[in-house]
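Chains as they are written, first to last, in the working numbering: chain A, 16 to 310; chain B, 16 to 310.
No wet-lab data here; the hints were simulated from the structure. Take the hints with a grain of salt, since some may be wrong.
Which copy is meant is left open, so a pair is good if it fits within one copy or across any two.
To be verified - Dumping the calculated DSSO-like pairs for lysine-lysine here, alpha-carbon to alpha-carbon at most 27 Å:
1. 189 x 103
2. 109 x 280
3. 103 x 226
4. 103 x 297
5. 265 x 103
Number of protein chains: 2
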Amino acid sequence: MQALDNFCRGSRANLAEFATHPRFTVHEIDLADEGPVTELVGRLHSQVPIDEVWHLAANSDIPAGIADPNVDLRDTFLTTFNVVNAMKVTGIPKILFASTSAIYGDLGATVLQEDVGPLFPISSYGAMKLASEGVISAAVESSLQQALIFRFPNVIGVPATHGVLLDFARKLRKDPMRLEVLGNGTQQKGYLHVSDLVDAMLHLRNSVTRKLDVFNIGAVDEGVSVRTIAEEMVALAAPQARLEFGTSSKGWVGDVPRFRYSVQKLLDTGWRPAMGSHLAMKRAMAEVAAQEGLL
Amino acid sequence: MQALDNFCRGSRANLAEFATHPRFTVHEIDLADEGPVTELVGRLHSQVPIDEVWHLAANSDIPAGIADPNVDLRDTFLTTFNVVNAMKVTGIPKILFASTSAIYGDLGATVLQEDVGPLFPISSYGAMKLASEGVISAAVESSLQQALIFRFPNVIGVPATHGVLLDFARKLRKDPMRLEVLGNGTQQKGYLHVSDLVDAMLHLRNSVTRKLDVFNIGAVDEGVSVRTIAEEMVALAAPQARLEFGTSSKGWVGDVPRFRYSVQKLLDTGWRPAMGSHLAMKRAMAEVAAQEGLL
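Same shape as in the complex, but just chain A (with noise of 0.2 Å):
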């Protein structure tokens, strides 16, 4: 197995304990750049040929990508598109693809199945991944034999790199006396753990056989509220800590406060989480609290 990273959201580190495998490889490259990445693959490719690959690589900080566009066409965008024309080249014929809830945009009360239109992303980082189904879909018509898209929710776990469990810990650490959230608290979302989450997609990948197809995976539960996130964050970790509120249903531009994500398709294959959101939600953020030094 190789591993292509530039990591410049997780590290070395976090590979250690593969590092000794005699199968697995770790290349530190940045995949936005095409001539490298053709290169790469190519080698790699004519010395074991490669089957499968596994395209996780995105920015994945979603204000980051509101602030500056460029971020998400290099880093959600690019290394798509160049992974998918390195394919193309080298001859690889599946792929795996790492989407998100994020294409959907604010679709109001439309229950979100994989099948809805119009897909109006709100943000930079949606718009980007759309981008890259849209080249995968193209790909299939032209020259991979299967493409299978998953479209993420909120994955919470560790290493932890962005989201609420990490802000929370780190203002937390900064100041323990208080925690400021970023929203009216109201926002509402399914989480789900990434063990859960891996363990969804290695279930479609040994059983879906279709030339492209795409699943929501998440959440079966209706979620928690980032209020109800807060409140066990300090009670876990910082007791003293009073919340402050803001006033806004979204916690920043491109938040989608709360939206009905329909996992059906998923869950008709046979598949179930073995946590909850809930469950998912205190687990990550022991976890994460542990991560930052907070217990």
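Given chain A's structure and the hints, the job is docking chain B onto it.
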């Protein structure tokens, strides 16, 4: 009015009739080059404030984009990305954008209303137009005041730079005794004359008030088959020619053989085309034949 073009498909001669208009200026620039675009748009806006941008620039040759995805990456997508960013930086409030029915991919018998999904384009061109729509919808959330997206059908008329009529005219000019048709001739599509397309866009521009809206623009009828087009072109320009059909129901990879394109939303605004598909085709056929020196 400022026109920005790199003339990779059009030409300055096409603009001859406007060249002496005191309020019309042409700037030769490649919109795929971020820095120069931001600089030029900013400079023009500081001289005379720009109220709206009609972003029509794109690669229009779908097969060319299949052969080399970088064509659509640059000409179809990065042009949009850079124009939208320049508008953000400069503070231009309104964009009108030429998208395409190709974003729908091949949804089989599904009636293609503006809100269908999933959106899995089967060409690089469609993928990069879908990506462009996403960039625009994200920009509406963060900075633009209004965006109207027009999804174009098959547009015909002159000056023609690509398409079935030009293909046929050039083949017949080269060899007036035979006409090779890509595909088996059963592909059937609605066609809109470019004059009706412009009329529809101006109508929508003057009547739609929603912050973000999207309209299919196209013929209101079932369209014309490639066989009919071939037969009429031969009758018009090369009566001796023998027709030679292929065997596939698709003309090329990325071609969608038959699709049900709804323009009901456009009709509900009160607009009607002056010409049906067949009449538009007959007029454009004469125009293209004349352009190519066949008549």
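Hints, one by one, checked against the model:
no., hint, verdict
1, 189 x 103, "neither (48 Å within a copy, 35 Å between copies)"
2, 109 x 280, "within (21 Å within a copy, 38 Å between copies)"
3, 103 x 226, "within (16 Å within a copy, 39 Å between copies)"
4, 103 x 297, "neither (43 Å within a copy, 40 Å between copies)"
5, 265 x 103, "between (41 Å within a copy, 22 Å between copies)"
Hint violations for this structure: numbers 1 and 4, all remaining hints satisfied.
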